[in-house]
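Now for the letters of each chain:
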Amino acid sequence: MNKTKFDSILLPFVGIAACVFIWWCVAGKPVTKQVRDDFGDVVTVTSRVGISADLPGPIETWHKTRDYILKPFEKRGELDQGILAFTWLSLKLVAQGYCIALLVGTPIGFCLGLSKTFSKIFDPIIQILRPVSPLAWLPLGMVLFSSVKISDAAGHVLFGAIDAAALFTIAVCAMWPTVLNTAVGVRAIPQDYLNVAKVLKLSRAKTLCKVLVPATLPYMFTGFRLSLGIAWLVIVAAEMLTGRPGVGGFLWQQYNAQSFAHIILCILTIGVVGFVLDRLMSVVERRFKAV
Amino acid sequence: MAFLELKKVRKGFGAGEKRTQVLSDIDIAIEEGEFVAIVGYSGAGKTTLISLIAGLLRPDSGSVTLKGVEITEPGPDRGVVFQNYSLLPWMTVYENIALAVDQIFPNWSPEKKKQHTEKYIAMVNLSPAREKKPGELSGGMRQRVSVARALAMEPQVLLLDEPLSALDALTRATLQDEIERIWEKEKRTVVLITNDVDEGILLADRIVPLSAGPNATLGPSVRVDIERPRDRKAINHDPRYKEIRREVIGYLLGDGGRKRVKVSKTLVLPNLLPEDLDAPRQWFRGRQPRRRDEIKHEAVEIGS
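Chains A and B supply the protein sequences, listed in that same order. Counted the way the numbering used here counts, the first sequence spans residues 1 to 291. Counted the way the numbering used here counts, the second sequence spans residues 292 to 595.
All clues given are correct.
Here are the in silico distance ranges between beta carbons for each label pair:
#	chain 1	residue 1	chain 2	residue 2	range
1	B	R349	A	P131	37 to 47 Å
2	B	L558	A	D192	40 to 50 Å
3	A	W88	B	E364	51 to 61 Å
4	B	A320	A	C99	53 to 63 Å
5	B	Q573	A	L10	54 to 64 Å
6	A	V143	B	R349	49 to 59 Å
7	B	P401	A	D192	27 to 37 Å
8	A	I128	B	P580	35 to 45 Å
9	B	K358	A	P190	30 to 40 Å
Listed below are several chain B residues computed to face chain A (Cβ distance under 7 Å; list not exhaustive):
#	residue
10	P365
11	G366
12	V371
13	N375
14	S377
15	W381
16	A391
17	Q394
Hints listed in this document are in silico derivations from the structure and should not be mistaken for laboratory results. All of these numbers come straight from a predicted model, not from anything done at the bench. Virtual Cβ for every residue (Gly too), placed ideally from N, Cα, C.
Let's have the full structure, built from the sequences with the hints guiding it.
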């Protein structure tokens, strides 16, 4: 077998195995003892011992979460669904917020890159708003969109203030990498390409779609990829605070229910989905960078 | 009135102290159908000169006119071939040229546009590579695409800004022949900027040397009255060729050569004395460097 292939497949498993082992060491293990109680009866007492006594070990976690994994799409209740059902709900929300972020962020980035005046006006504001945490945006979103309410004929709220606030938070937080990368990309367009546009007297619209956008695409996609990563980060915070059904909402609800195995399941799911999204984006990105 | 005329053109960059006057008193008149080569040092301002004619830059004073009309902005009547090709890398050869054709002749039928584009691709012998992207082409092929794009615009003046200087000697020779062949066929007004005197003599009707910068200006022009088509092997033995060559190089090395610039500046010595290794070290501060202006008292021993 090829050595490099062997390394790239086996070594990650070594890492995973090491982590699982440490987890197993730290986790609490149930210990059953036969104790004679005050009345002289022999009773079985189960107690948990370990560094983190309440943390379930790997095998225990599997036993407690297998229902959610093996029936991934089952819906038992609003906040009691299979793990992929939750992931789907979260992804839907992320997709919407991400689209808003791209639709708003890309034009802002172009304006920043094209106009020195525009960038002087708005750059300080962007630099101040950029580091604000999603947890801080959410309450503002609630206030901003408190009057938003779209209900169906039966009176069920289809899209309420909470949904609007969650979307707002995702969009605002995920927007910045797109904005900044697009701006950098526009500024980095070689003068030659602009000279071509000038000599040919291309109209503004034609310059934009024939020269500026293609020349900026590689930078834009780097921004898009970073934005997607942030959007997925924010979703958990948004769902935790709003209690929407989704991976983050499930996590928070299970924490309140002291069901730690489910929390671990959520964390792993969030990590894996984030990883897959990033891989997908990098494949798309590479296709555009190959040009 | 000349076809393309530059009168008393001056151009400088920067402001205040740092301002450098790149070009001054540029005067030249180019006739219709003439092939003029401007030969000069690198860094003399050749690209600035062609940018002025292209309209990418405006002169500080003086005028640039085409058929008596002042040039104020770039336009398709002046096709430019840039030194670094300036092809759009996300478009194929065909698309790069079609972009120009679409833009210049918006009223043509798609069929006519296609024919026109194909014609110029064929003219630079690139038909087999028409669906390739610039990244897949060699330097010489890219430059040919760039020439085809400029020609497809059917400009009144073709501006070639050191089109061949980035290429190896053999590719250069082939492309020189190709440019000559195309010029023979199309008979357009051409301004070629180059740093190669031989290239100028081989291709042009007239060579104008540009003196070294700053304050570069055009020297006396030399007419190249050698029969066309010129053969690059035979031309070497032509006495007229040698004479022209001597004349142009003579100007470039003599009157138009690099000016010796006298620089005067005050040299300031650093305000620092050598470290005194005998001085005691202080806590945390160590041995501080001694500065001349901090010494309050200096005793100078004078030998008796």
